[in-house]
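Colleague: In case you want the letters, here they are:
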Amino acid sequence: MAIDSSTFIDTDIQIHRLSPDVDAKNAVKEEIDNAEYTAMSAFSLLELKGNYIQALILLRRKIADGKNIGDVMARINNTGGRKVTLMFLQLANKIGRIDFNSKPWEENRQILLTLLDSQIASSWMIFTGVVDYVCDDFDCTRASEEPEFVSNKWFAPIPKCRKDNTNCSIIEFIEVRKDDLARLIDLLGKIPKEEITSELQRIKNVCEETLRDGAFPQEKNVCRQVGDMLIGLQSKIGKEILSSNYKEHSYLSEGLGYNFRQFPYADVRSK
Amino acid sequence: MEKQTIERSEGLTGSVSGKPNGGGTSVKILKPSDLEGDFAFSTYDAFAGKDLLSVRQEKQIVKQPSRNMLLHHERLTESKVALVAHELDEAYDLISSLFDTNIDEVERSNNFDAWKDKLLDISEMGISLSLWHRQILGGLIAGVNEKEIYEFTDDVIKTFRDATYRVRQRRVSYIDANRTIKELMQKGVSVEMPLAIDSLSEEQMLELEELETELAGIIGKE
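Those sequence lines, one after another, are chains Z and X. Residue numbering for the first sequence follows the numbering used here, beginning at 1 and increasing consecutively. Residue numbering for the second sequence follows the numbering used here, beginning at 1 and increasing consecutively.
Fair warning: there could be bad hints in the mix.
Stated by the list, open to error - In silico lysine to any residue, SDA-like type, Cα no more than 25 Å apart, as pairs:
no., chain 1, residue 1, chain 2, residue 2
1, Z, Lys25, X, Leu211
2, X, Lys147, Z, Asn152
3, X, Lys221, Z, Pro104
4, X, Lys182, Z, Ala35
5, Z, Lys94, X, Ser66
6, X, Lys80, Z, Lys25
7, Z, Lys103, X, Glu209
8, X, Lys182, Z, Asn152
Think of the hints as simulated: they come from the structure by calculation, not from any bench. Small disclaimer: the values here were computed from a predicted structure and weren't measured.
All chains, full assembly: derive it from the sequences and hints.
Modeller: Structure follows, in structure tokens:
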């Protein structure tokens, strides 16, 4: 495959792929099917782990520990919040066999656990299996750590990066792109303050710190704060990046010099 | 380790630990390799909702259970293993029958639905299935959920058959499970469940809220 003709799939596109919204899901599928080649950043795996997979694991744990449906709902509400409650309802709603009214909780629970175990165990493949290429040009250590099943429990921790637990090359990756960072700082300094999102502001701060101190502040664990920038920079080896995240990518792409194509999520989703 | 053989249909055999025919049961130390990926040796206790033995995926740590616990678990496991093996055989027979030229379209359709039901029956048992068995089983359930036989080509159905055959094996490894999921994905089967609820339409939200209200009613009666 020719990587330079690849469409990079941003993290949010992977999330739309897993949306219950059939229209949005089909629109993503069409984009992927029609692209000549597709790629994703390995860093997206880390973002998905910190968000979607963590929610699945929390849900799995509450279902495994709950004595009955009332107990499970209370545990989910108390610790997972509305998002995980809705995930649970969605899962139960999708499987016709789940019946909390007449079926013993244990049988419902076993089906739910089977499905969640399968989703978590296959998660890496579910995300990487839809693209032709996974770009990992700064060898993110955290992105290589799949969820782990230990003593019948799932774990997907994202430990803080230290010298002894990390062997990535993020500093070298940024080192050769300092000119891009300087251009981005310049651009962000010119746009109206009300258009600077909190993520753009964090990115600007990290870029300024990098240029001031001479190296990317890896030891401060800032990678996840500047995920859009890192993924955008990686996408430069491809043709474009597809994302519904207009607020950040519209400015980042201009400053860093990559091609951003907006996925029109608001238009394609069911109302 | 001595093994008792359970006859399964089509001449395949499964095995459970312990001495044959009730001739006294010895307490033995189970090795991690006996546990992981092997439904006959799974230690998951569905009723207690936890593992009786702690098993680690790679660097496995096995706690020594008490003698009584092992004996109880062995008896429990033996009957469950036989039941799961039987159900898995039936699931494989059903999906294989779709390639039988002697059955008509109606029977074919019914057998496909029965196979889908059987997958759920097996997952309901939960106990005695290793993580890797459950990974494939859950992928199959997600892949055929809310779908009918006409939505799949014969080529895809063959992949379902092969995946069912793999779940039927006494031992399933991490590699087997991942290979199977990959094969399903390559055939266009959606093994993923649509659980990313970051933004729901009004209609979808109403549907889930209705279920939540219904659940609140059930919980109130508990």
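Colleague: Which hint numbers doesn't this structure obey?
Modeller: 2, 5 and 6
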